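Undergrad: Listed below are the residues making up each chain.
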Amino acid sequence: MSAVLAAADSVNGNLGSIAYGLAAIGPGIGVGIIFGQGVQAMARQPEMVNVIRQNMLLGFALTEALALIGFVVPFVHK
Amino acid sequence: MVRPAMSEEEHRPGPESDPSDDHQSFANAAWSIPSYVLSGMAVYGGIGWLLDHWLGTSALFPIGILVGLALALYLVYHRYGR
Amino acid sequence: MSAPHLLAAGGDEFEAPGLHIFDWGPLFSGGPSWLDWLTKPVLIVILAALALIVFAWRAFGNAQLVPRGVQNVGEVAYLFVRDQVARPMIGKDGDKWMGFLFTTFFFILFLNLSGVVPVLQLPATSHIAFPIVFAAFVYVTMLFLSIKHQGFIGYFKNMMFPPGLPKPLYVILAPIELLSNIILRPFTHSVRLFANMFAGHLLLAFFSTVAWWFLVEKLTPAGAGVGVVGFLMTIIMTGFEIFVQSLQAFIFTLLAASYIGGALHPEH
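Chains as they are written, first to last, in the working numbering: chain A, 1 to 78; chain B, 79 to 160; chain C, 161 to 428.
The shape of chain A in the complex, shown without the other chains (with noise of 0.2 Å):
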């Protein structure tokens, strides 16, 4: 913790947008495996494209909404 605390003094800039850059690596990551596993999927099985597609959109919004958290928390813990 004082690590982090002593990284605080000597960052210049925003620490928010540095902490915003680090809650964004895991929905990104997120986010390509959801679409490339459901292109995959589809092309498996294109008879099922209107299941795959909408366990897609939902999977996104629930990582894109983990991202977006990323987003509004500095803005709250100020």
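These are computed hints drawn from the structure, not numbers from a lab.
Keep in mind it's a predicted model, so treat the numbers as computed, not measured.
Careful, some of the hints might be misleading.
[Claimed, not checked] One-sided excerpt, in silico: chain B residues whose CB lies under 8 Å from chain A:
1) F104
2) A105
3) V115
4) L138
5) F139
6) L151
Virtual Cβ for every residue (Gly too), placed ideally from N, Cα, C.
Assemble the complex: chain A is given as a structure, and chains B and C must be docked to it using the hints.
TA: Frame of chain A; chains B and C shown alone:
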């Protein structure tokens, strides 16, 4: 040398001539989900922030954001997930 | 315009390029004051507009039944926009919107590609004013068409009250729909283009500055490796930027077509 001219292209029953509703609604959904989630957080987080401002509390802003998030996800589920 | 400009504040320490690389004063700084509006982004916009006019004129101005020369390129481009954007997104009446969509796509594409054209090297869309104007144009068109085709009441009813929800939930969910469709839509539409171009230009400037600094300004045996990496990354990122710039122009046009299509056919 054979090349696709515009007039030939007009008569070709392309892949788009079958019902393109799916394509359109999927693209619409994928592009509008972030803005739904963001606006849910903005509306209810904003209400929470105002209540915090008036009541002198500090917990309602994050609670409002989470509530708005849940409602926006429910809206997305209702619109596109079924 | 190139590395010396980026390193204007340079001392002995390496300094990463910041937001000042987007600040362009009047092009002729000593010139007359009535030329002050002519900054570099404005010049790029004028050049892109001229390039688009010349391209369209050469391709379609004197169209032959058997195309040759530029007309080949123009027809392939037209077919691309029509089959990938207009028809899937708007449907049967998509062809009527081809003039608008074709112009939008190629104007934004030229503005974006000016980020990798030597000497210009600034995507004009990295100034948010230009994406905002494009998005506002699409937004006003969308509002006008929606109200014309669905009626004023019908538009808001279709937008804010999706059928099939329990009644009390409408009170809670309608503000989300309203904010998302009316306010955030043009915002995200323009910011998506702006942010990609902005970040891409910053990235290119950073890597080229690294290469310039460590290979030319302060060449040391230890720093040369960093400079070589920066040089290679500049080349790689230039290729990547060309891809991103084309993709963002395409996505902007796709979204514009999707909004227009949604305004014309509310059931989707």
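Undergrad: Next step is simple, just say for each hint if it's right about the structure.
TA: Hints, one by one, checked against the model:
no.	hint	result
1	F104	holds (6 Å)
2	A105	violated (11 Å)
3	V115	holds (5 Å)
4	L138	violated (11 Å)
5	F139	holds (6 Å)
6	L151	holds (6 Å)
Checked against the numbered hints above, the structure violates hints 2 and 4; every other hint is satisfied.
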